[in-house]
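Student: The lines below spell out each chain.
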Amino acid sequence: MEAMIALVIGVLTTGGVFLSLRGTTFPVVLGLTLLSYAVNLFLFIMGRLAIGVPPVINAAAESYTDPLPQALVLTAIVISFGMTAFVIVLALKARSELGNDHVDGLHHGEDSHR
Amino acid sequence: MAASTGHNPGLPGPAPDSRSMTLFLAVLTPFFGAALVALASRYGRSHSAWAAGVVTLASILWLAPSFSLPFAGTTLIQQHDWMPALGLNLAFRLDGLALMFAGLILGIGLLIILYARYYLSERDSMGRFYSYLMLFMGSMLGIVLSENLIQLLIFWELTSLSSFLLISYWQHREEARQGARMALTVTGLGGFAMLGGFLLLGHIVGSYDLSVVLASGDLIRAHPLYVPTLVLILLGVFTKSAQFPFHFWLPHAMAAPTPVSAYLHSATMVKAGVFLLARLFPALSGTPEWFWLVSGAGLATLLIGAYVALFKHDLKGLLAYSTLSHLGLITLLFGLSTPLAAVAGVFHIINHATFKASMFMAAGIIDHETGTRDLRRLHGLWKFMPYTATLAMVGAAAMAGVPLLNGFLSKEMFFAEAMHISTHMIGGWLFSALVTLAGALGVAYSIRFIHDVFFNGDPVDLPRTPHEPPRWMKVPVEILVVICLVVGIAPALTIAPLLAVAAQGTLQTALPEYHLALWHGINPALIMSLIALIGGALIFALRQSLFVWHDSSLGRLDSRVVYNALLDSLIALAGWITRLIDTGSLQRQVFFLMIAAVVLGVSPWLASDAPLTGSRIGLPLDAVSLLAASTLIIATVATVWLHKQRFTALITIGVVGLVVALAFVKFSAPDLALTQLSVEIVTIILLLLALYFLPQNSLPEKDLGRVWRDGVIALVAGAGTAALAWAVLTRPYDTIAGYYLANSVPGGGGGNVVNVILVDFRGYDTLGEITVLALAGLGIVAMMQNLHLPAPIRDGSGRLWNTDMHPTIMATLTQILLPLALLVAVFILLRGHNQPGGGFIAGLITAVALIVQYLANGAHWTHQRLPSDSHPLIAWGLAVATVTGLGSWWFGAPFLTSTYGHLNWPIVGEFELASAMAFDLGVFLVVVGATLMILLNLGGLHHTPPKHRSPN
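Residue numbers (my numbering), protein chains in the order written: chain A, 1 to 114; chain B, 115 to 1066.
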């Protein structure tokens, strides 16, 4: 199971890094989204993997998983949403100001609507 | 609030047992008053002047009970611990020096308030003027009443900021904006240097309390860091008090309205620098470094100011350079380091404040009544305004140091001290000659002011026919001129006690022998005064040839040129560095970022020989998990592979997010799963809305090499992360979770430990996080302003967008489902403390439920039924969360301490109520508000009719 989770995080990171290196805004936003999945999962597994032991106090429960990484990741998810929203609107603003959606620093004219 | 008193050595006094914070309130009153004054201006022009007057009086009343303390030889110190570990305390101090300055600030402040009421024209905003003035007054009071050095510096910077607002009051004038910017740049840089100086001083002494610092003079002067400390503090002083070579900002600050100049350049702002010289006199003075630096800068400023003032054609320009010269004189006195010189310095601070304020006000009246300040056009005004002319003449005579006026007395003391010092130094005769020359120049420009404005033939081409100003505009000038006269004629009966107590506060030791009187017999100082008076008259008589000479030589020098050149080169340097680093390519920057991350991440692996796999035994793999993981990996690869077909990529990335939510379910994180699920929905809706305005497909990559290069970087990054995750997962670990698990129910009153951590244990972090979310929302709204994007008619495949925006079945269903969805949200919110759920999740669910209404029924329909503005939601949410936190102060507990209790509801039974739930309600409101605001604004773009878009 641990190997599979490590693989999943690796794949998400690979995809995220590759997409965030693209030259137009939308793939970069997708890349950042993938990267935030990877980072959130990574932070979450710092509490190690545990099945069926949620950190909700219960007289019948024998043990609990670590609640601290969960609390950190919960706010991280919400903040990632705020960041994604900010970046995508920034992308819209850039398109409105520059007339295209390129972020590669080369000079492009106004693009037609593809 | 603890109050303690210190005794001035040599003067015993009763220690008042006061546990009050009157000094703090006196400083705070003008700051609150600023808002009051602005509000009052809505009810009429005079109202804000009245309000400002009342605020100033209130400030005086707070101080009034303590007025007598310095005279009894006691120093009142009121202290409230803030961050004692860092030496930062809210501490105020009232001794003789502070009392004198507070008197000047508030007393002259009152006169300025009265004067400005008549000076400002119909077009000028009264509320803005008086509230800036109140801000400035509060900052000045803060400086002079501070006991803690760091606190003093905060008020010091506040004066820089508020004086910036005052100088640039006439924002439409280019020179006002430039002058204000220059003043802010110069004094701001000085303040920065002074911060360094104060930190060093605190390091040397071990405390930022002035009482300790002032008593540690010997320690400071003997310390190896004395010189850097001194230089840094003096940089702050010299920039503030416009001492050479930082004097150039002051004349440009004359672009301010005249009441501002009268206030800033007589009793306040520039006096803050010399105040600090006086304040730190016992701690820093008496060394050769102090002597040469301080008196050197003072002498240079004294001479330059007096010299340039003579040649100024602008009435206020003349007064500005005269101010420079008098500030130089005061600085020079403190530089001389003898106790008598310090007494003379304090005396001249008082005298200069009175006569210079009156002169500025007189200049303002002349400007106000004639429409010009040009000395080449203003002539013969005696015929039009003899009363004002008389007042101005008395003021100018005090400025020149004519006997029977206060300026004469302090100038005599200055000459006496200069004479005294010059007998002890090599080349002393030159020093005496130079100060006498400065005195003569002062006489000359004073004569010129009076002669040119009130006599010298007839006025030339005045914009208005002058006449006497309104009655109440003259009253402040009258009061100041009377003070000049009374002090000048009978100093021992009037100013002597205040001067004694102020000098006592400056020196912090017993006073030297001195005698305030008009006549001391014939002595060197009197002879110097006479030479200055006669010499001044001579210089004035020779002015024609001097003007010709000046215009062809020194008149061409302008330190503003140097300042501008320095500023320009600084801006050019910053531009060069920016262009070097930022090529405008995000792609390049991300590339360097990723390379750096990969290098930093991989290098420790290479250096370490620890095994990759640890000793922890893992969980067995099951088929469902394998299936889910395969789905996620396939979806991720598909997202990357298909990212050029943007719509498809959005669907696949949605799949990735859902599987991540499933992973949270599997590994005992129900809260995370719920959050991820709802965030996923909101994110995808958001990206869909945005995609509408972006190209539907990416262009094919032109540079295949780049694709391969990026692929390699991505693979290395992914492999590294996977290896790291594996290494962590296979190692055993210790956790601090035991504390949270053990204390969640007894301490936080909730069984859901994740939620209790969020709203209780780490509530402060959560408060920060919802603030960030609110700010992101506001930033997005700001970016949406004037955003104009062409709405495409066809989608990526060339089909027309469906015009049936709101399918009936969906519309009907969502209307029925809305109450149910809201019920679920409330349920999730309420149970969040004990079961999976909470404010974040409930907020997202509510937001989704409401957004679905917009999607199904359209913005128009929904706006009629729901409030369209979600700003108040965010504000309420932050307020509820903050007030919940502050509520614990009421019970004497630290910020955000939570409490809980059990209520017995009749039907429901026992019900638990925790204060943290109110906090969670705040979180809920912010999340709903921010999410709605983001999505509705983006969605609203679709409905903006073309004619409403901005033309560019």
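Mixed in with the good hints, there may be bad ones.
To be verified - Quick list of the computed label-pair ranges, beta carbon to beta carbon:
1) R295/B x L43/A: 43 to 51 Å
2) L43/A x R291/B: 18 to 26 Å
3) L43/A x V345/B: 42 to 50 Å
4) T762/B x L43/A: 23 to 31 Å
5) L43/A x Y157/B: 52 to 60 Å
6) L43/A x Q703/B: 23 to 31 Å
7) W1004/B x L43/A: 35 to 43 Å
8) L43/A x L735/B: 19 to 27 Å
9) L43/A x D682/B: 43 to 51 Å
10) L43/A x T996/B: 23 to 31 Å
11) L43/A x I930/B: 38 to 46 Å
Unchecked claim - Partial list, derived from the structure: chain B residues whose beta carbon lies under 7 Å from chain A:
12) I695
13) S699
14) L808
Claimed, not checked - According to the in silico footprint, chain A covers these stretches of chain B (three or more CB under 8 Å from chain A):
15) 171-182
16) 775-789
17) 793-804
18) 821-828
Bear in mind the hints are in silico, worked out from the structure with no lab data behind them.
All of these numbers come straight from a predicted model, not from anything done at the bench.
Where is the CB? At the ideal position from N, CA and C, for every residue including glycine.
Student: Each hint should be assessed against the structure and marked as holding or not.
Tutor: We went through each hint and held it up to the structure:
Our hint of 43 to 51 Å for R295/B and L43/A holds, since their Cβ atoms are close to 46 Å apart. Range check, L43/A to R291/B: Cβ separation about 49 Å, and the 18 to 26 Å hint is violated. The given range of 42 to 50 Å is respected by L43/A and V345/B, whose C-beta atoms sit roughly 48 Å from each other. Distance hint check for T762/B and L43/A: the Cβ-Cβ separation is about 29 Å, which falls inside the suggested range of 23 to 31 Å.
Hint check: L43/A to Y157/B, Cβ distance near 57 Å, so the stated range 52 to 60 Å holds. In this structure, L43/A and Q703/B meet the distance hint of 23 to 31 Å, their C-beta atoms being roughly 25 Å apart. At roughly 36 Å, the beta carbons of W1004/B and L43/A sit within the given window of 35 to 43 Å. In this structure, L43/A and L735/B meet the distance hint of 19 to 27 Å, their C-beta atoms being roughly 23 Å apart.
In this structure the supplied range 43 to 51 Å holds for L43/A paired with D682/B, their Cβ-Cβ distance being about 48 Å. Hint check: L43/A to T996/B, Cβ distance near 27 Å, so the stated range 23 to 31 Å holds. Judged by the Cβ atoms, the range 38 to 46 Å given for L43/A and I930/B holds: they are separated by roughly 39 Å. Annotation: I695/B was flagged as interfacial toward chain A, and the flag is violated, the nearest CB pair being 12 Å apart, outside 7 Å.
Given hint, S699/B at the interface with chain A, holds; its Cβ is 2 Å from that chain's nearest Cβ, closer than 7 Å. Using the Cβ-Cβ criterion of 7 Å, the hint placing L808/B at the interface with chain A is satisfied: the shortest such distance is roughly 5 Å. Coverage of the segment 171-182 of chain B by chain A is violated [criterion: at least 3 residues with CB-CB distance below 8 Å; count 0]. Closer than 8 Å: that is the beta-carbon criterion, and the segment 775-789 of chain B has 10 residues meeting it against chain A, so the requirement of 3 holds.
Only when three residues or more bring their CB closer than 8 Å to a CB of chain A does the claim for the segment 793-804 of chain B stand; here the count is 6, and the claim holds. By the rule of at least three residues with a Cβ nearer than 8 Å to a Cβ of chain A, the coverage given for the segment 821-828 of chain B holds, with 4 such residues.
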